[in-house]
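Undergrad: The lines below spell out each chain.
2 protein chains.
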Amino acid sequence: MKRQVTIKDIAYKLGLSTSTVSRALKDHPDISSKTRTAVKELAALLGYRPNRIALNLRSNSTRTIGLIIPEIEHYFFSAIINGIEEIAYKNDYSVMVFQSNESYKREVINTNAVLTNRVDGVLVSFSKETNDFSHFQKLIDNEIPVVFFDRTTEDLPADQVVADDYQGAFQAVNHLIEKGCKRIAHFAAPQHLQIGKSRLAGYHDALLKHNIHFSHELVFLADTFETARKTAHEILRKPNAPDGFFAVNDISAIAIIKAAKELGKRVPEDVKVVGFENSKSAAFSDPELTTVDQFGFELGREACLMLLRRLKEGENTDFQPVRKIIRTKLVVRNST
Amino acid sequence: MKRQVTIKDIAYKLGLSTSTVSRALKDHPDISSKTRTAVKELAALLGYRPNRIALNLRSNSTRTIGLIIPEIEHYFFSAIINGIEEIAYKNDYSVMVFQSNESYKREVINTNAVLTNRVDGVLVSFSKETNDFSHFQKLIDNEIPVVFFDRTTEDLPADQVVADDYQGAFQAVNHLIEKGCKRIAHFAAPQHLQIGKSRLAGYHDALLKHNIHFSHELVFLADTFETARKTAHEILRKPNAPDGFFAVNDISAIAIIKAAKELGKRVPEDVKVVGFENSKSAAFSDPELTTVDQFGFELGREACLMLLRRLKEGENTDFQPVRKIIRTKLVVRNST
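Top to bottom, those sequences are chains F and P.
Taking our numbering, the leading residue of the first sequence gets 440, the next gets one more, and so forth.
Taking our numbering, the leading residue of the second sequence gets 440, the next gets one more, and so forth.
Next up, chain F with everything else stripped away, as it sits in the complex (with noise of 0.2 Å):
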């Protein structure tokens, strides 16, 4: 049987790197067009099909899916990992996880990680810190499948599992207003990140569409349990508190909850509270806690369909990065 002909022997050829091939061959934008005809014609003319499905049937296909993720303590991310490895195991997949723990450099060492313990596909969500994308890019180009979840990217050719944040946002304050809430104060994440960014623009829409004025003075920067206690204290006691509070996650939606209860104010009665996640703590604490649920295992059975779908496909020259929003939905408890 011919040797069949690789990215290697087109790079070769033309005296460019397999990356450049590689993507070249995906229509990447960053590879000029003129290179881009050039590659498609050599592998044509060669007869270059790409190996992806070849390499799954090779017996040295690992069944293991790589993920790396931020934090596994966090609530959301462990129920993203226990829908991940539920679609994983049900496919004869074994999960190696890799926790980034929000650091760039350790979210690097793990990539390499990744590929040298050749899994056949990768899941990620990227850590705070990561503004750099070219490790990623490393495993795309070693054709590796890769899907994003929750912290995604623009600037990579790949598929993308996301939570509906703004929706979830708008509905949580829409809620609080229907409740009669005349002054809500939202509790924000830091806006270099989109959940920060989509959740506040939630709050802002379902403002705008009741009439109600949006006032910068009542959105903070508070997504610990410590910053919500301390700043929901401080505002709590002036003239012209807040009635209602969307925070950005339950932890800091319980941290209000125990101010106001610490400053002799009633919840639901004089303060209304609605968090974003619904984490276990949210039906724990006392009153339990309205929030909106992210459906973190949906999500993560999602991105794992997603991957497995890619690796059934093989490689695909006309690759069209696919995303998917997963809808959030309001859990109203004894907090609103």
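Be a bit skeptical, because a hint or two may be false.
If several chains are the same, the list does not tell them apart, and a pair holds so long as it fits within one copy or across any two.
25 Å max Cα-Cα, derived BS3-like pairs, lysine-lysine [to be verified]:
#1 479 - 452
#2 763 - 529
#3 577 - 567
#4 719 - 700
#5 529 - 567
#6 544 - 529
#7 763 - 636
Just so you know, the hints here were simulated from the structure itself, not pulled from any lab data.
Chain P: place on chain F using the hints.
TA: Frame of chain F; chain P shown alone:
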């Protein structure tokens, strides 16, 4: 340079399997003393030297540690993972985590994945379902160092790191008695688990020390939020209800507080509650929970340090398993 003598050479010459030779060299009790002697004599004759150090120096060391863990979501385990990773990354190892999800079947798949991926060493806390340990024996036979933590077994020749469950439980119940409790209930874990047994024993002995009668009627199997809440509701309604609770974990303790408040009882005035773990929820609960800190982070650090020491010292024919116990500490807050 003369080729080094390997276990395979000894196995071939004696007509034994490599696994038998490996275990004979380690004085494994499953191997007859006759075989052990024969193997050791031949090993000495051929000048066999264990090759763990050679393995590490070879370029095919993956600088990767495999971690097999029942649950990622549980705060205690995620703290352990963080402790392991702190030590690992400092020493240029990356950590790949496999979650068994409390399933024996997945754990076996994970163990095979760890073998396929040629990790340098493995850290294990096994699933609730696991009674047969032969999959782990396979790691040991392949000369991969293994350290067990939290959930351990005496059935394998391997190092162990565990928390001091007995002492932690004893201190918790002693504290309730010193705070004036006369009738203390224990919400226990299943008794086939070592932690279930040890914490019940600590409860029992603390009562004994203060000449308080131990009664089976005050011990309940309730280690989840739902069962603990339901059980607490039932017993707090009865005449002669307990005035103190020692729960086997924080989640059950938080459920007890919730049930007490729902019945109009004040915590800590009417009912005092102690948990076990010192999870984040312990500080979030209202009132904040008195609990036993298990130092998961420290436990993870110790387990990883132990593994790194084994990797450094190399394979070692007079291997003596080490068992390390991590002290626990009572953290007094407002629930007592």
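Undergrad: Now tell me, hint by hint, if it's right for this structure.
TA: Verification of the supplied hints:
no., hint, verdict
1, 479 - 452, "within (13 Å within a copy, 58 Å between copies)"
2, 763 - 529, "within (22 Å within a copy, 37 Å between copies)"
3, 577 - 567, "within (20 Å within a copy, 39 Å between copies)"
4, 719 - 700, "both (21 Å within a copy, 19 Å between copies)"
5, 529 - 567, "between (31 Å within a copy, 21 Å between copies)"
6, 544 - 529, "between (33 Å within a copy, 12 Å between copies)"
7, 763 - 636, "within (19 Å within a copy, 48 Å between copies)"
The structure meets every hint from the earlier list without exception.
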